[in-house]
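Protein sequences, first through last, are from chains A and B. For the first sequence, the working numbering puts the final residue at 412, and the numbers step up evenly by one. For the second sequence, the working numbering puts the final residue at 1412, and the numbers step up evenly by one.
Hints may contain errors.
Unchecked claim - Distance windows between CB atoms, simulated:
hint: 1; chain 1: A; residue 1: Phe9; chain 2: B; residue 2: Gly1023; range: 52 to 62 angstroms
hint: 2; chain 1: A; residue 1: Ala331; chain 2: B; residue 2: Asp1232; range: 29 to 39 angstroms
hint: 3; chain 1: A; residue 1: Gly23; chain 2: B; residue 2: Ala1013; range: 51 to 61 angstroms
Unchecked claim - One side of the interface only, derived from the structure: several residues of chain B facing chain A at Cβ under 10 angstroms:
hint: 4; residue: Glu1221
hint: 5; residue: Thr1225
hint: 6; residue: Gly1226
hint: 7; residue: Ile1230
hint: 8; residue: Asp1232
hint: 9; residue: Ser1264
hint: 10; residue: Leu1269
hint: 11; residue: Pro1270
hint: 12; residue: Arg1278
hint: 13; residue: Ser1290
hint: 14; residue: Ala1293
hint: 15; residue: Val1400
hint: 16; residue: Glu1401
Worth flagging that the hints you see were computed from the coordinates, not collected in a lab. For glycine and all other residues, C-beta sits at the position ideal for the given N, C-alpha and C.
Residue-level listing of the chains:
Protein chains: 2
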Amino acid sequence: MTSWQDTFFSDFAAMSQFGATPGGGIDRQAATDADAEARRWFHQWLEAHHFQVEYDPIGNQFGLLEFYPGAPYVLCGSHLDSQPLAGKFDGSYGVLAAASAASLLGYQASMEALHPKYNLAVVNWFNEEGSRFSPSMMGSGVYCSKLSLDEAQASTDDRGTSVDAELTAHGFKGKFTFPTPISYAEIHVEQGRNLENLGKQIGLVTETWGARKFTVRVIGEQAHTGSTLIADRKDALFGAALVITEVRRLAERCQKELLQASVSHIKVLPNSPVTISRETTINVDLRSPSSEALDWAVLALEKILDNVEKEASVRVEKNLTHSWELSPYCAEGINLTQHIAEEMGISYAKVQTVAGHDSTNLKDLCPTVMLFVPSVEGISHNEREFTKPDDLLAGRDFLVEVLSTLVTDGLA
Amino acid sequence: MTSWQDTFFSDFAAMSQFGATPGGGIDRQAATDADAEARRWFHQWLEAHHFQVEYDPIGNQFGLLEFYPGAPYVLCGSHLDSQPLAGKFDGSYGVLAAASAASLLGYQASMEALHPKYNLAVVNWFNEEGSRFSPSMMGSGVYCSKLSLDEAQASTDDRGTSVDAELTAHGFKGKFTFPTPISYAEIHVEQGRNLENLGKQIGLVTETWGARKFTVRVIGEQAHTGSTLIADRKDALFGAALVITEVRRLAERCQKELLQASVSHIKVLPNSPVTISRETTINVDLRSPSSEALDWAVLALEKILDNVEKEASVRVEKNLTHSWELSPYCAEGINLTQHIAEEMGISYAKVQTVAGHDSTNLKDLCPTVMLFVPSVEGISHNEREFTKPDDLLAGRDFLVEVLSTLVTDGLA
């Protein structure tokens, strides 16, 4: 007989084929053909394991195990979409771990080895990554009413294709309304080095870092690169390059590891080899556990932009797109998971998350538990992303215990 | 009766409708629908004015006036394609001025008021701008054997569409071989401020600036923008931004107006809001009349790239794509046009060109005359590009005299 561990790895391998890249990762951006294939595979997996499958209007994919009609649900999941050329663990591991754990608990309940008080559901949130369609954490954002359904459906990719068109084309735009859960749990790869450095197998996430995210638009004037004198230039790409270099130096000027400052997206108009850019737009992403550090960075950014306007003879507009402070996960969840880890004798550490997750949205809707498994060298959003097999299994085992408590006793 | 001036402006207005933009310019990149419409319009114009229309395999569009079968041709023209959101004068003015002047000379010959020794042809060179399909000056480059036909036909745009596919689809891939001309003439807007500053109406182009053009590829490593520590980052976009800012400063460090240094094109992978770039490619465009200044700038660029490798923890590759020195137009052409200007009493100046033109290719094949009309404020590759109506007419009049001499006496 096949062990559950073998089944878990063969399911994970099957899932990892959708959008597989030669470099050993996946490229499965939201609502692409590869994402649709992964979703259809997961749909079939859920039905084969006795879940009822439903979709809401933003394409969130739910698998329901209804023990008591009308009872509240415990919900557990993550996301199957990926960044371009990304790792196969980010999001996908959490979806499969949730499904595997919930399936086991469903089986136990059917054998009367478990006596749940609540129903249990798993979820694959739509478009957590936000690389093809902005903003990120789209499915959970709409579900938690932080983002309007209309705005999300109208979001378009670089070619002008909308979320709504793609969800409709692939058959993932549903009419289901999943009720507010009694609690939510998510397990994810850490994407940082803390657990590895500490030698621990499970991370109990206590807080999510604060962030300020901006779109910065640099407005210059289109001109001939050959014949336009330097003094006459209003070069928007030069202006944006100054911002990019100075934003990076912000992080270096701040106390060590207190501030993450990044620019990773750029749009240049007209982006021609012989024409100076008339307009260049970039993102500026500032993250810190300290609100004071974030406020300092925003003030410093404003000074940078003032200087860039002068040095590059351009006009700069900045638009705040995301802003939140260090925000805790609920103490009851942390206490519960700490208790379970001690009971199980599994090594654990309390850690913060710098990356956003669907649980960042859910935790403001209902009591939420967020768990990490270690990432080798902290590598993520990269085909080389890796988590050791033992850690994957330990995380799934741990999630079984957590969900078992959540569906029976609930959070104290 | 309509004056030739009225006809010239109504033809120019008709031509400027193809790819017209709300900002008063045109967007008519090579082999787009707008470019194809302009070419069909010009085809009809040529036939209506008794030219025989032919296309070669790279889509160069020729209009022939054959006075003596087998005699060599004098050729005159420019290009109808444009940069994105560009002015309507760049290239297009030169094509219409050539056609208008040649048509008049053809009429004079038919009336025996002119006794040509050579045949006369006009040309609309394919893809001078190079914004959609690289490299620029493609049609004249293939015609002058500086670029292979296969390479040019295989060039693709951002969506993977090839030159060959577009030329075939629009019906502009022909089999004609235009013979080597006895001489070539081109008139173009200056795209700089020299004539305006000097208060002159015609520029006699004596030399084209030297240039070194590179593709610089910055290779980093894809990672999560949120959770990857600054010390662990190999951020290719940060590396490219350092290059962009330092290349600009090269021009500022050099003697005033001796060096043009630009970056205007960038490709970022994966270009996602939450993923650090694994690879960013930019162009670096250095131009100067001084070979020494160019050599100095290339050495300085190498130092910049070495420093960027260290500061951004990336690897940098640079690939030289274009290299030429200050290069003269033929003395006979300059002497001829100076003589004509003095005879006509039109104000003129000898000027250099910083921008490349199709004549830059032709001048290495046959004796070539290059003429400029003034650009208001030197603005070009911009919808606000403008040349005064009187200057447009004076340029066409001047071209009539030049071509008249070239087809009768030839270059002394």
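Here is how each hint holds up against the structure:
1. Phe9(A) to Gly1023(B): 52 to 62 angstroms: Holds, at about 59 angstroms.
2. Ala331(A) to Asp1232(B): 29 to 39 angstroms: 32 angstroms, holds
3. Gly23(A) to Ala1013(B): 51 to 61 angstroms: 54 angstroms, holds
4. Glu1221: 7 angstroms, holds
5. Thr1225: 4 angstroms, holds
6. Gly1226: Status holds, d = 4 angstroms.
7. Ile1230: 5 angstroms, holds
8. Asp1232: This hint holds: Asp1232(B) lies near chain A, its Cβ roughly 7 angstroms from the closest one there, short of 10 angstroms.
9. Ser1264: Hint holds; Ser1264(B) Cβ to chain A Cβ min 5 angstroms, cut 10 angstroms.
10. Leu1269: Nearest chain A Cβ about 8 angstroms off; hint holds.
11. Pro1270: 4 angstroms, holds
12. Arg1278: 7 angstroms, holds
13. Ser1290: Given a least distance of 15 angstroms, the restraint on Ser1290(B) is violated.
14. Ala1293: 13 angstroms, violated
15. Val1400: With a minimum Cβ separation of about 26 angstroms from chain A (threshold 10 angstroms), the hint on Val1400(B) is violated.
16. Glu1401: 26 angstroms, violated
The structure fails to meet hints 13, 14, 15, 16 from the earlier list, while all remaining hints are met.
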